[in-house]
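**Q** Now for the letters of each chain:
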Amino acid sequence: MWVFVWEKGYQETDSVVSSVTTKAKGVTVTNTSTLGFRVWDVADYVIPAQEENSLFIMTNMIITMNQTQGFCPELPDKTTVCKSDANCVAGSSGTHSNGIATGRCVLFNGTVKTCEVAAWCPVEDDSHMPKPAFLKAAENFTLLVKNNIWYPKFNFSKRNILPNITTTYLKSCTYDAVTDPFCPIFRLGKIVESAGHSFQDMAIEGGIMGIQINWDCNLDRTSSLCLPSYSFRRLDTRDVDHNVSPGYNFRFAKYYSHLTGAEHRTLIKAYGIRFDIIVFGKVAWLPPPLGALVQTQASGLARDKGPSPHLLSAHALYHDFFFFPCHLEAGKFDIIPTMINVGSGLALLGVATVLCDVIVFYCMKKRYYYREKKYKYVEDYEQGLGGEMDQ
Amino acid sequence: MWVFVWEKGYQETDSVVSSVTTKAKGVTVTNTSTLGFRVWDVADYVIPAQEENSLFIMTNMIITMNQTQGFCPELPDKTTVCKSDANCVAGSSGTHSNGIATGRCVLFNGTVKTCEVAAWCPVEDDSHMPKPAFLKAAENFTLLVKNNIWYPKFNFSKRNILPNITTTYLKSCTYDAVTDPFCPIFRLGKIVESAGHSFQDMAIEGGIMGIQINWDCNLDRTSSLCLPSYSFRRLDTRDVDHNVSPGYNFRFAKYYSHLTGAEHRTLIKAYGIRFDIIVFGKVAWLPPPLGALVQTQASGLARDKGPSPHLLSAHALYHDFFFFPCHLEAGKFDIIPTMINVGSGLALLGVATVLCDVIVFYCMKKRYYYREKKYKYVEDYEQGLGGEMDQ
Amino acid sequence: MWVFVWEKGYQETDSVVSSVTTKAKGVTVTNTSTLGFRVWDVADYVIPAQEENSLFIMTNMIITMNQTQGFCPELPDKTTVCKSDANCVAGSSGTHSNGIATGRCVLFNGTVKTCEVAAWCPVEDDSHMPKPAFLKAAENFTLLVKNNIWYPKFNFSKRNILPNITTTYLKSCTYDAVTDPFCPIFRLGKIVESAGHSFQDMAIEGGIMGIQINWDCNLDRTSSLCLPSYSFRRLDTRDVDHNVSPGYNFRFAKYYSHLTGAEHRTLIKAYGIRFDIIVFGKVAWLPPPLGALVQTQASGLARDKGPSPHLLSAHALYHDFFFFPCHLEAGKFDIIPTMINVGSGLALLGVATVLCDVIVFYCMKKRYYYREKKYKYVEDYEQGLGGEMDQ
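If you read the protein sequences in the order shown, they are chains A, B and C.
Position in the first sequence counted from 1, then plus 2, gives you the working numbering.
Position in the second sequence counted from 1, then plus 2, gives you the working numbering.
Position in the third sequence counted from 1, then plus 2, gives you the working numbering.
Just chain A, same shape as in the assembly:
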């Protein structure tokens, strides 16, 4: 029976325009020999200041202060350690070089000599990564995610800050799957833990977290049933057994100038967590009488189809026009897929009858009784034919 619902119905997909904005909050202090006592706020650890669908929060860093253009010894590794200038090729530069070799072999420290390079000096030494993470307190920072969706076809739009959310609630709430499932403010530590990872581990080398917003909408009479649900997943898979080039980091610099005009910079190798907000969704539309029945199947189907990032896929299920001709002028009825589905369905029905006959003929007892019934009309037909000949 339920198959008929599908024969009669057809499915169309809608695409949705989604916009996302994010805002991080949180302050922490660090006290190190190099930097001394220092406060870190949003403007310090969010790089760049704004992005379209993601937000990077620096959790760990290797800072190289007061770099100036000049000449200095390269970091020692098997390619740069030298005994004499003969070992250094002027103008050469490897993939991992910090500068262009001058051809001189100079003292790196008391014992080791390396090739001199023209570079921002002193060159960065990123051999030792801070553990625990330099900004480990980022675990308690919060992230506000604002998401607006719009279904062009249904001209239906909604935001994840639901109508019943007040300013006071938004000032104080934090997302919790159980107690506050609709609060769009997330504690960073909780996001990572919900994905089954340790924030402090992730904070050291950095990584990518996906914040998935699932819109599961039923666009019948009331739109209040269209609600977001949040899920979290670490997007940069870490196979512990194959830990090649893990985490996420990049370099940026803050440039300063002396009155003399000589420029110097502070180079920062920033490790951190990038939060990519991915909006999923589906919308089901059904005339209320059928809604209850097909809803379960619709959700099941949609689960099969899986979510589509950046692109909400909306499934509208219609009863066909024989039952709801009103849909025809509703402009939401599409004949093509209906034809295809109905066609397939009818073919199946044909087969079904054939199968029935086969089963009945060869598998059932007392099959001749059945046969009689089945071919009774043939006799009628002969009679009809006979009657005709009489004319």
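Heads up, some of the hints might be wrong.
Heads up, the list lumps identical chains together, so a pair's fine if it works in one copy or across two of them.
DMTMM-like cross-link-like pairs, simulated, lysine to aspartate or glutamate; straight-line CA separation at most 25 Å [to be verified]:
#  : residue 1 : residue 2
1  : LYS25     : ASP203
2  : LYS192    : ASP128
3  : LYS85     : GLU126
4  : LYS80     : ASP182
5  : LYS256    : ASP243
6  : LYS25     : ASP46
7  : LYS256    : GLU126
8  : LYS173    : ASP243
9  : LYS25     : GLU195
10 : LYS115    : ASP79
11 : LYS138    : ASP178
12 : LYS25     : ASP241
13 : LYS115    : GLU126
14 : LYS271    : ASP182
15 : LYS256    : ASP46
16 : LYS27     : ASP127
17 : LYS25     : ASP128
18 : LYS271    : ASP46
19 : LYS192    : ASP178
20 : LYS85     : ASP243
These are computed hints drawn from the structure, not numbers from a lab.
Using the hints, position chains B and C against chain A.
**A** Structure of chains B and C alone, referenced to chain A:
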């Protein structure tokens, strides 16, 4: 009849690679007590300097100059106002704090005492938002949008700067739906008004504008019919009755250093409009004879399917291979969906004939005349058999 | 025969979550009269420091140093050249102005007078673009692309740094379609050449390069067959005959402050290449016995369907449940599309038999022999009936 067109044809969707670049232009001056006379150009109000599919233009700001690391009283609110140090917990920091409490209770101004914090001092006071917007002149800034699309399957590519657009025209034109529908340079004020909003209102708190580029392409013989059309929509829905956390803003800082090495910064809370460029599209392909007939349906169908952001969906309608075998080697023919559609179609046809018979036999008057015709071939067949036996 | 495979199978599409991170490496030196000897590293030429799916590398630039807020003559063009103050409208500003006209007409150089503007002075003169590109050495920079994919439906995830890639290999390798097809480190020059363009030409005016990662996955027993393949394409089409507003560039500034607090900046008009990483993909699933057979068709089909940027489309081909009922509880079986496809197929079969009969009866010689065979079963049947009556 028209159903046959659909039986014979089949539909496949293509995905398209799109690239977008933007460039803003415009200069304005402000004259305030804090900043004095100041000129603002692109490098000042576009943050960050470049993004993949969007552009942020700062329209309003709260600027806090010469912040340095230190200790200062927190902004007064119900959690920070204090009578004595007893009210301030050292090391504490709320979600909305500007720093970490030192535990001291100090004078904020002549009358109010608040908890002291370690922070970038002085702390930002964003309680008063400039009205009208600080950079209200942004209404007259212009935005050049360059968009290239490429359909891999048809290996068809085009840009929104059409071949007939000259450098001189591009230097002077501004988009207008009526007079200049193909000029890719948009006046910001016009974009917002086209979406039915007031630029000056939006400029105060900021927001997200969607610039939709619709490519409606008919890839028959001539590709000159493949033209972009532009539409505008505000993506961050504002329900005036539920105005919780409206607009769009973020914080960033410009860092300076004294010769002494002491760092200071200018913190800017930037309100502004982010323009997200969303590329939609569809492409219809038909052998010319059928083009005119099906085009209407195709467009209708495409309208049903709705646009897909970030992902152009191309619908190619083909006449089936019985009619255009050439398509087979054209490499654009796909047998699977054709089979499925033709199959469904045939099932429908079969049912149709059956229905006809039923109707004719049992509903029509003079049905036996009809039956004669229908079974006439049987007699022919017998004759044929007889004739054969004669051999 | 092969049609049956398709009758039995059905196709469903999956969407995939993909995350991309990039890291550029490379250093170069320049020696110009304005800048003197200068080293350029990642923090200097990557703007902004990180993006979600793309990376911009500056290859050419027009630098204007030590700009300060003030008044200076505008660049001469047909709108700004003046003879007297009468030619300059105070407060006016054109689309391409660098500032707001003061109304005075001043000397631009010994011979030319232009309208004075309030602007960042001196105004940028971008009339002469450096040729060859200022950072032409960027051709030898390298780009590491890390990509993780995840199919929600199959809960299958993989990264483009394959398990057999060692840290040592990753330190030294460079992508080559033939020798190192799985090395995720690309030489910029090679990327552009692979797309059929000249890096040095592109470096001058800038442009957009697409790095396409195609995941062609066969999720049968072993997942080691799921491998990425890389392809490159220039996304900003250049029609040499219609070279209006070519390339890609934007402006940004580095801000400095004197002890006096007076701010000055260095304005950079950055030309460069933006590398957009676009992830394509498909996944085929088949029970091994059929895998070999259908794989070819699957790949063919997927090729027809074309890639979908930002959104991997996964095709799972199943043997139907009559043959592999185990799939039913595997939770990967979807009854709806199977019904539709099987339905269509059966319709086709029905037609096929009819066609055969028609052909045989009316086109073949010795058709009565055939007829005998065709109706032989009837006699068998009668016999069976007879035998039954004996009971």
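**Q** Now, for every hint given, state plainly whether the structure supports it.
**A** So, going through the hints one by one against the coordinates:
1. Taking the shortest Cα distances, LYS25 and ASP203 sit within 25 Å of each other both inside one copy (24 Å) and across copies (22 Å).
2. Taking the shortest alpha-carbon separations for LYS192 and ASP128, neither the intra-copy value of 29 Å nor the inter-copy value of 29 Å comes in at or below 25 Å.
3. For the homomeric pair LYS85 and GLU126, the shortest alpha-carbon distance inside one copy (22 Å) is at most 25 Å, but the shortest distance between copies (48 Å) is not.
4. In this homomeric assembly, LYS80 and ASP182 come within 25 Å of each other (Cα to Cα) only across copies, at 24 Å, whereas the closest approach inside a single copy is 55 Å.
5. With identical chains, the CA atoms of LYS256 and ASP243 are never at most 25 Å apart, being 37 Å at best within one copy and 43 Å at best between copies.
6. Proximity of LYS25 and ASP46 under a CA criterion of 25 Å is satisfied in both settings, with 14 Å inside one chain copy and 21 Å between copies.
7. In this homomeric assembly, LYS256 and GLU126 come within 25 Å of each other (Cα to Cα) both inside a single copy, at 14 Å, and across copies, at 22 Å.
8. Proximity of LYS173 and ASP243 under a CA criterion of 25 Å is satisfied inter-copy only: 19 Å between copies versus 43 Å inside one chain copy.
9. For the homomeric pair LYS25 and GLU195, the shortest alpha-carbon distance inside one copy (20 Å) is at most 25 Å, but the shortest distance between copies (27 Å) is not.
10. Taking identical chains as interchangeable, the C-alpha atoms of LYS115 and ASP79 lie at most 25 Å apart only when both belong to the same chain, with a minimum of 11 Å there against 57 Å between chains.
11. Proximity of LYS138 and ASP178 under a CA criterion of 25 Å is satisfied intra-copy only: 22 Å inside one chain copy versus 40 Å between copies.
12. In this assembly of identical chains, the alpha carbons of LYS25 and ASP241 lie at most 25 Å apart only when taken from different copies (21 Å versus 31 Å within one copy).
13. For the homomeric pair LYS115 and GLU126, the shortest alpha-carbon distance inside one copy (17 Å) is at most 25 Å, but the shortest distance between copies (45 Å) is not.
14. Taking CA atoms no more than 25 Å apart as the test, LYS271 paired with ASP182 passes in neither setting, with 36 Å inside one copy and 29 Å between copies.
15. Taking CA atoms no more than 25 Å apart as the test, LYS256 paired with ASP46 passes in both settings, with 11 Å inside one copy and 10 Å between copies.
16. Within a single copy, LYS27 and ASP127 get their C-alpha atoms only as close as 31 Å, which misses the 25 Å cut-off; across copies the closest is 16 Å, which meets it.
17. In this homomeric assembly, LYS25 and ASP128 come within 25 Å of each other (Cα to Cα) only across copies, at 15 Å, whereas the closest approach inside a single copy is 30 Å.
18. Taking the shortest alpha-carbon separations for LYS271 and ASP46, both the intra-copy value of 13 Å and the inter-copy value of 13 Å come in at or below 25 Å.
19. In this assembly of identical chains, LYS192 and ASP178 lie within 25 Å of each other by CA distance solely inside one copy; the values are 9 Å within and 42 Å between copies.
20. In this assembly of identical chains, LYS85 and ASP243 lie within 25 Å of each other by CA distance neither inside one copy nor across copies; the values are 38 Å within and 57 Å between.
Violated hints for the displayed structure, listed by number in ascending order: 2, 5, 14 and 20.
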